[in-house]
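A.B. asks: Throw the hints in and build the complete structure from the sequences for me.
Protein chains in written order, with the working numbering: chain A, 1 to 349; chain G, 1 to 349.
Some hints could be false.
[Claimed, not checked] Below, computed lysine-lysine pairings styled on DSBU-like, alpha-carbon distance capped at 35 Å:
#	chain 1	residue 1	chain 2	residue 2
1	A	K119	A	K299
2	A	K277	G	K152
3	A	K36	G	K36
4	G	K152	A	K207
5	G	K36	A	K31
[Unchecked claim] Simulated coverage check for chain G against chain A, where a stretch passes if three residues somewhere in it have a Cβ under 8 Å from a Cβ of chain A:
#	stretch
6	163 to 171
7	215 to 225
8	332 to 342
Bear in mind the hints are in silico, worked out from the structure with no lab data behind them. Owing to the predicted nature of the structure, the values given are computational and were not obtained by experimental measurement. The beta-carbon is built from N, C-alpha and C at its ideal position, and this holds for glycine as well.
There are 2 protein chains.
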Amino acid sequence: GTRIIGPNCMGVFWAPSGQDSGLNTLFVQEKRLEIKYSDYSNTVLLTQSGAFSVTEIDRLQNNRLFKAIVSFGNKYDVNITDLVGYFAGQSSIDLLALYVEGLDPGEGRQLFQLARQIKKPIIIYKSGRTEAGARAAASHTASISGSYEVFKSACLQAGIVLAENIEDHYDYVKVFAMLARKIPSGNRVAGVVNAGFESTVGADELKNLKQAQLNPETIAKLNIINRHGMVDTSTPFLDITPMADDHMYADYVEAVLQDPNVDCVFVAVVPHSVTLKTIPENCHDQDSLANLLVDLSKKYAKPIVISVNAGRYYQDFVSIMEQNGLPVYTDIRSAIKSLDRFVTYHLAK
Amino acid sequence: GTRIIGPNCMGVFWAPSGQDSGLNTLFVQEKRLEIKYSDYSNTVLLTQSGAFSVTEIDRLQNNRLFKAIVSFGNKYDVNITDLVGYFAGQSSIDLLALYVEGLDPGEGRQLFQLARQIKKPIIIYKSGRTEAGARAAASHTASISGSYEVFKSACLQAGIVLAENIEDHYDYVKVFAMLARKIPSGNRVAGVVNAGFESTVGADELKNLKQAQLNPETIAKLNIINRHGMVDTSTPFLDITPMADDHMYADYVEAVLQDPNVDCVFVAVVPHSVTLKTIPENCHDQDSLANLLVDLSKKYAKPIVISVNAGRYYQDFVSIMEQNGLPVYTDIRSAIKSLDRFVTYHLAK
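C.D. replies: Take a look at the structure:
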C-alpha cells in the first residue's frame, strides 16, 4: 500500500542528475534557500526536524553535498530504520547524516542492528539529551528521548559517528561527504600553516591522530623551498610564516603530501597576508592559493582539510575550495577535530 | 626608561575617539583587515600571537568592540601582568581578552593575584595545553606551557573566564563585551524560536541557567499574540512556528522581556521563513525583525542573545543586529553556552 512520511515534516528532496529530473517538495522559497548539488553530491540528510534541514543545507551550501533530504517528523508510518535501510542501498549515496530527537520503542534496537550491517558512514546528532531538552522534544515532535548515555554507547558499538553538538554535525558531514573517496591509510598527520598559533592550537586538538615523523628526503625538499630561511623544517606542523607566497605555500603542502610517512594533511591559512592571492580581486587567478590547493587535492589521494579563519571579505577564496571538493573549516580546531574523527572511523573499519 | 613590547609581535592598536587620533602600528594592509570600532568599543585584546589577533578581529569585525589591541609576543620586557594591570585601570576598557601560549616563571602567580583584585571580566584562551601543543608553542614563542590543569584551577580561583577553545574565546568575548552594561540579576532564562528543534537543542545546553517559570500574566499576553493558535504558551522556550511575522516575533520577545520571572532571554531565528523581513531587500526596513529586536534591546535592561543559523544570504540581517549592540551567534548551542557563561560569571561576583 501507500507509505506515509510525516506528519509534522517538511517534505523530501532528490537532486536531479542526467535524465533524472529530481524531486523537491520542501516548502521553502528557492530564493531564500537554494539547495546546491553537483554530480558529486553523495549524502542523504534524514531529519526529524524540517528546520534542522534548512539550517544544515544553508550552512553547507557551498559544499554541494546533498543528493537527498528527507524530513520525517513524527514517523506515523515510515520510520528511521526504513529510511536508513533504503538509502544505504542506493549506490549514489556514500554517507547517511541523521538528526534525531527521539526513538520509538524498539526503533533504537532496530537502528543499531541495521547500522552494524551497513558499510557506509552514519553520522547522528541527537538532541533531547538532558531532562530540559527531553521536555522540549516531547513538545516538538512528541518524542521520547530516552537515556543519552545508553544511546551513546549503542552508537559506539554499532560504528555510528555521534556528533555531540549541532556544529560538530555540520563539521563531520562535511569531511565524511567530501573525502568519501579519500580513505586514509593511517593516522600520521602533517600540517602547513602561516601563523604559529595555529600549529600550537592544532597540536592541542590531536586525539587519535599522531604527528608524522617527516622523512629526511622531505626535510631536504622543504629546506630548498625555505629560501627565506625562516621555517623550522624539523617539525611536522610547519609554520611557514606570513612571508610565504601562493607558490611557496603549495610547494610546502606538496612536499608533505609526497612523504610516505604522512597519511593525511591539514592546511591552515590566515589569508590576510599581502603575499597571498586571497582577496576577491585575485583569488580566482589560476595560480592563486585556492586553485593551487584544489590542484593538489586532485593530484594526491591523501585526505586534506583546510582551515581559513577570516571574515566575509575572504568568502570567495573559501568558496573556490569548497566548490572544488576541499572541506574548509572556519578554525583550526574544527578542522583538526573533524579530520581526527574521519581518520579514526576509517581505521576502525 | 623606555619599555619594550615584543619581540616577535605585530604591534599595537588604540581606537581613535573624539579629539584622540588613536594609534595603529599593526602591519596588516587595511584593505585586508579593517578594524571596526565605535564609541561603544570597550575591549582590549592582549595576545601572544599577532595572527591570533588578526583572526579574532576579523571574525568579530561587525561587532566593533575592540578599543585596544596589543600583540606582545616573546615578552622580553613588558609582560602579561604589566599589560593587564595597565588596561584594567583604563576607564574606557570594560573587558580584557587574552590569548596566552605560555607564562614565564612567576608570571602566572602574579597574573592570578592581580586578577583577584580586578573587577572587570578577564577572558583567557591558553593553547599549548597538550604535550604536542606545548612543543609547538616552544617553537613559536619559546614559551613554557606548564600544566594546563593547574592553570585551569588557578583561573577558576581567580575568577578568570577560561575559554576551552578558540571559538569559545570569540563567543565569550562577544557576549561579555556587548552586554557589559546589561548585568543579569538572576539565572532564569526564557527563549523565543521559530523552529522547534532549536528549543530542544537550546534546552540541552543549559548548565547554570534555569528555565524560567512564566508569570500567568505573561502567559495571558502570549495567548493574545498567539492568534494562529499554534504556539504552546505553557513552556518558557516558545516555539512560535514559521508562521510568525516580524511584529508577532517581536511581540512574543517583548512579553517575555517584561516578565518579572525572567532574567535573560535568547532569540533564535531561522530566517528562511517567507513571513520574515530577513532578506537583503527588506531586512533594513524600519519594521524588520532585526530593527525590532534592536529596539527591544535598547528598551529593556535584560541581557539578550540571538542565534541566526543561516548562510551568506542572511548576513545583512545579522549585521544590522551586530552593529547595534546585539550579540548574534551562528547556532543556538553557542548562543546559549555564551549566555550561560556570562550570567554565571556575574552571579558569582
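A.B. asks: Indicate, hint by hint, whether the structure satisfies it.
C.D. replies: Here is how each hint holds up against the structure:
Between A:K119 and A:K299, the direct Cα distance comes to roughly 27 Å. Compliance with the 35 Å bound is thereby established for this hinted pair. Only pairs whose Cα atoms come within 35 Å are accepted, and A:K277 paired with G:K152 is rejected, the gap being roughly 40 Å. Restraint check: the Cα-Cα separation between A:K36 and G:K36 comes to about 33 Å, which is no more than 35 Å; the hinted pair holds. A threshold of 35 Å between alpha carbons decides the hint, and for G:K152 with A:K207 the separation of about 20 Å falls inside it, so the pair holds.
Of the supplied pair hints, the one linking G:K36 and A:K31 holds, its CA atoms being roughly 31 Å apart against a limit of 35 Å. Only residues whose beta carbon comes within less than 8 Å of a beta carbon in chain A count, and the stretch 163 to 171 of chain G has 3; three or more means the coverage holds. For the stretch 215 to 225 of chain G, the stated coverage by chain A is not satisfied: 0 residues place a CB nearer than 8 Å to a CB of that chain, which falls below the threshold of 3. Remark: the stretch 332 to 342 of chain G is confirmed as covered by chain A, as 3 of its residues place a Cβ nearer than 8 Å to a Cβ of that chain, reaching the required three.
Hint violations for this structure: numbers 2, 7, all remaining hints satisfied.
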